[in-house]
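Q: In case you want the letters, here they are:
2 protein chains.
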Amino acid sequence: MSGWLCIAGLGPGDEAMVTPAVSQALAEATDVLGYIPYVARVVARPGLRLHPSDNREELHRARAALALAAQGERVVVVSSGDPGVFAMAAAVFEAMEGREDWQALDVRVLPGITAMLAAAARAGAPLGHDFCAINLSDNLKPWSLIDRRVRAAAGADMAMAFYNPRSASRPHTFEQVLAVLRETCEPTRWVIFARSVSTPQEQLMCVPLCDARPEMADMRTLVIVGSSTTRCVGRFVYTPRSAS
Amino acid sequence: MSGWLCIAGLGPGDEAMVTPAVSQALAEATDVLGYIPYVARVVARPGLRLHPSDNREELHRARAALALAAQGERVVVVSSGDPGVFAMAAAVFEAMEGREDWQALDVRVLPGITAMLAAAARAGAPLGHDFCAINLSDNLKPWSLIDRRVRAAAGADMAMAFYNPRSASRPHTFEQVLAVLRETCEPTRWVIFARSVSTPQEQLMCVPLCDARPEMADMRTLVIVGSSTTRCVGRFVYTPRSAS
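These protein sequence lines are chains H and R, in that order. In terms of numbering that gives the first Met the number 0, the first sequence opens at residue 0 and continues consecutively. In terms of numbering that gives the first Met the number 0, the second sequence opens at residue 0 and continues consecutively.
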């Protein structure tokens with residue numbers, strides 16, 4: 000019995016952004032579990048079992064991965080980006096609750112390049128000063144909490160990175176967030192829409208808040224809102240290191 | 000004239016967390032610039048000029064790098080972690096201000112594993128829900144702004160990652176931040192002190208806020224403060240995906 004479980008981040012999409020630590024874990028694994036499009040990024044080979052599963056099955060997937068590791072398998076759960084940021088790591092630890100046998104397993108989290116870092120790098124350095132990361136999906140939290148956090152971040156003049164800004168099943172959240180931003184920030188505030196960064200489908204758009212529209216974002220978009228000091232130089236957007 | 004400039008993140012310390020994109024840029028470079036301990040991580044080879052420089056010389060270093068790229072050299076500016084998070088990318092864009100020739104150069108930011116992601120991964124998943132990143136160095140901003148941002152994050156119940164919490168030249172900032180946290184959060188709130196993560200000097204400590212002491216942090220420590228929902232399971236600390 001020498002099973003283990005790694006919860007690994009595949010980064011934003013470009014294979015040149017997958018860390019060697021993650022590649023090594025995948026090379027040693029017997030089983031890979033994850034959301035269908037992420038498992039599809041793992042190269043098949045003899046002796047490796049791929050277990051793709053649907054979205055919104057995180058807890059079920061986490062339990063299946065822990066059970067396999069407990070049986071002695073070498074298991075990798077893959078997330079895109081970083082597994083600790085709005086991804087599978089929290090689900091695996093949730094699944095451990097009440098299971099001392101699973102808590103004793105060899106479980107490691109292997110970090111990855113999360114979407115906001117990849118998006119910021121493409122745009123320049125909009126997260127060069129204090130910032131926050133907020134998941135706009137309201138599947139797991141009420142709108143009131145999103146509203147409170149966006150107002151707090153705007154009030155303290157932090158840049159913001161929004162994950163999962165908009166989906167077909169909840170088209171109104173991002174519209175409401177834009178309304179809060181229009182109320183709390185000046186109309187010239189920079190907003191960056193970064194879609195599918197580092198993939199062939201990459202699209203990057205930077206507009207002042209007054210020109211930002213809800214339909215500029217979808218589930219594959221990472222939105223960054225600058226602070227009041229965020230500015231453009233040439234084709235780049237950045238937040239100076241100095242603030243007063 | 001085919002010079003270029005990459006601003007590259009070396010990750011937290013472990014070479015297995017340097018992305019292939021960054022390794023590739025270093026393999027093609029003629030010149031590497033950066034703070035002394037970061038340049039020391041780059042393997043010397045014939046044809047590669049290393050330009051280590053002191054801390055607090057960011058703007059001077061950025062100008063030197065841009066000037067070299069303008070002369071046709073292939074230049075990499077190295078940061079630890081991610082270059083866009085409290086590191087060199089913002090300094091390079093600041094140095095471009097007023098210089099249209101430098102703005103036209105081939106400049107790219109190559110993201111890296113920033114300290115808070117590496118620290119969170121070692122601890123479990125404390126940044127599994129909304130969070131913010133705050134630089135506690137008051138070299139470039141007033142204490143009043145740090146105070147305002149910590150209170151905003153605590154008030155909106157976001158987890159917090161503190162960069163550069165404490166140094167010999169400013170031992171009191173982190174003490175003041177702990178006082179603000181004691182005023183705004185419950186005494187059982189989890190605080191993680193992650194020092195030199197992924198290096199042989201790694202130290203990880205997780206204590207309730209009531210037991211947190213200023214001297215638990217230094218400049219090589221990344222501090223994570225959980226949200227009100229952050230909890231322990233076995234030896235791991237995580238923030239559940241669901242909040243109400």
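Because the hints were derived from the structure by calculation, they are not lab data. Be aware that a few hints might be false.
Intra- or inter-copy, both count: the list cannot distinguish identical chains.
[Unchecked claim] DMTMM-like, lysine to aspartate or glutamate: derived pairs with alpha carbons at most 25 Å apart:
| # | residue 1 | residue 2 |
| --- | --- | --- |
| 1 | Lys140 | Asp156 |
| 2 | Lys140 | Glu185 |
| 3 | Lys140 | Asp217 |
Q: Evaluate Lys140 and Glu185 at a C-alpha cut-off of 25 Å and name the case that applies: within, between, both or neither.
A: Classified as between; 22 Å across copies, 28 Å inside a copy.
Q: At most 25 Å between C-alpha atoms: does Lys140 with Asp217 qualify within a copy, between copies, both, or neither?
A: within (19 Å within a copy, 35 Å between copies)
Q: Go through the copies and call it for Lys140 and Asp156: within, between, both or neither, with a Cα cutoff of 25 Å.
A: So Lys140 and Asp156 pass the 25 Å test inside a copy (24 Å) and across (13 Å) alike.
The structure is consistent with each of the numbered hints, conforming to all of them.
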